[in-house]
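So for the sequence shown, the UniProt record's numbering puts the first residue at 1; every next one is plus one.
There could be a bad hint or two in this list.
[Claimed, not checked] The following label-pair restraints were derived from C-beta to C-beta distances: (1) 288 - 178: 18 to 24 angstroms; (2) 178 - 38: 42 to 48 angstroms; (3) 320 - 130: 28 to 34 angstroms; (4) 128 - 218: 40 to 46 angstroms.
Calculated from the structure, these hints are not laboratory results. Idealized CB from N, CA, C, for every residue including glycine.
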Amino acid sequence: MHSSHLLLEEPIRMASILEPSKPSFFPAMTKIVGTLGPKSRSLEVISGCLKAGMSVARFDFSWGDPEYHQETLETLKAAVKNTKKLCAVMLDTVGAEMQVVNKSEKAISLQADAFVVLTPHHDQEATSELLPINFDGLSKAVKKGDTIFVGQYLFTGSETTSVWLEVSEVKGEDVVCVCKNSATLAGSLFTLHASQVHIELPTLSDRDKEVISTWGVQNKIDFLSLSYTRHAEDVRQAKFLSKSGDLSQTQIFAKIENVEGLNHFDEILQEADGIILSRGNLGIDLPPEKVFLFQKAALYKCNMAGKPAVLTRVVDSMTDNLRPTRAEATDVANAVLDGSDAILLGAETLRGLYPVETISIVGKICSEAEKVFNQDLYFKKTVKYVGEPMTHLESIASSAVRAAIKVKASVIICFTSSGRAARLIAKYRPTMPVLSVVIPRLKTNQLKWSFTGAFEARQSLIVRGLFPMLADPRHPAESTNATNESVLKVALDHGKVSGVIKSHDRVVVCQKVGDASVVKIIELED
């Protein structure tokens, strides 16, 4: 595994570090996924999030009912119209999540060294001595000495709102624990996580299946984030459910949250369309000193497979503060240098006080890190990994990136209908944006004709460096030169308006002509 300092351009001039960041149409090549919730569901805030750089909106079904999320989604659609910024939709399942049920919603104070009993009888009242849970198999899964973590915002690492428990003994169905720290648990639901323990709960609960087949289908979701993915079979099941429920185009992202998922990482990566590394949960399941290593290894594997990798839990402190900590700012930059496609913000935008500012700051940090990303080394590593002979598409994609870098092109324009060619170009991490011009295809199911393309365009909103544009369906991707020229003109105009293309710039174009793929370099006159 290459350590991230090797992925820095050298040498870096100190003076250049102090230069102010220039505003740009594309705030960063790295994408930002924002979770929408109580503090980020007004038209004003969502519009602000889109303008600041959010390109995927995540709807977390661990809380809130479908009606609540539907309202938020309708507001998102209005914000997309107002700002003219494309945004994809991600549905996040609950998965195999254990929860403590606090019906009375009274705050529960737990003292260090005190005993507390976890019981499956959730009709009982939650107190500082007894915590009812929604899972009756815990006593069979844990043993004396195991670690259990409980909290409402479990994975922000805030020690006053979450408690570490050590299993003292198992009494029938109850688990007796000793508290390792003092904490106050407030709210109706707290998540419970047993470290490095296999939990016999399905990855897709009945409620998850219902939400996917109703809310998901009705809203034609772009991405399904599969919480607690532990085996490739979990992804296959989700795919089967999507296909049978008219969501055949939805991409499935496996969320790796525990050691079990890490142990089966390679097979999960093969099956999934992308990976979300849930570092909060992994930070509990893994010893802290191992977290950075799994991050680098997992991102490298995703990069080489050409599948989007999304990293979570980066600026937790911005939930309540206007600035990230030094460690967090460095962490975001390292995520970019390690190869992340996107950064996922959870509590920071869901219930945080500064959702728009958080997106803006994360975008600025990503943008600065991208400037010093060692593309040359990365390109060589990727070509070496792909090996020879390369497939036709792979060789076209790598050639387009190489040409663009050699001629210092300001942008790569790629004509694509499935989005695959554009994703392959992005895999080589060009230093300039890739405008992916998605040409809609006409499809029929014997009953009605429909154009595909919108899904492909939105799904590139999670890939680093890819910026989609949906072409007019009257222009087929592989037709005569004349139509291609007119689509190209539209793409160039789009680039000029957005400020990425200026007069006398060079542009690399990747397109299909008949059965052949062509890479050409254009020099703009005016």
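How the hints compare with the structure:
The given range of 18 to 24 angstroms is respected by residue 288 and residue 178, whose C-beta atoms sit roughly 21 angstroms from each other. Separated by about 34 angstroms at the C-beta atoms, residue 178 and residue 38 break the suggested range of 42 to 48 angstroms. Separated by about 31 angstroms at the C-beta atoms, residue 320 and residue 130 satisfy the suggested range of 28 to 34 angstroms. The beta-carbon spacing between residue 128 and residue 218, approximately 43 angstroms, falls within the hinted interval of 40 to 46 angstroms.
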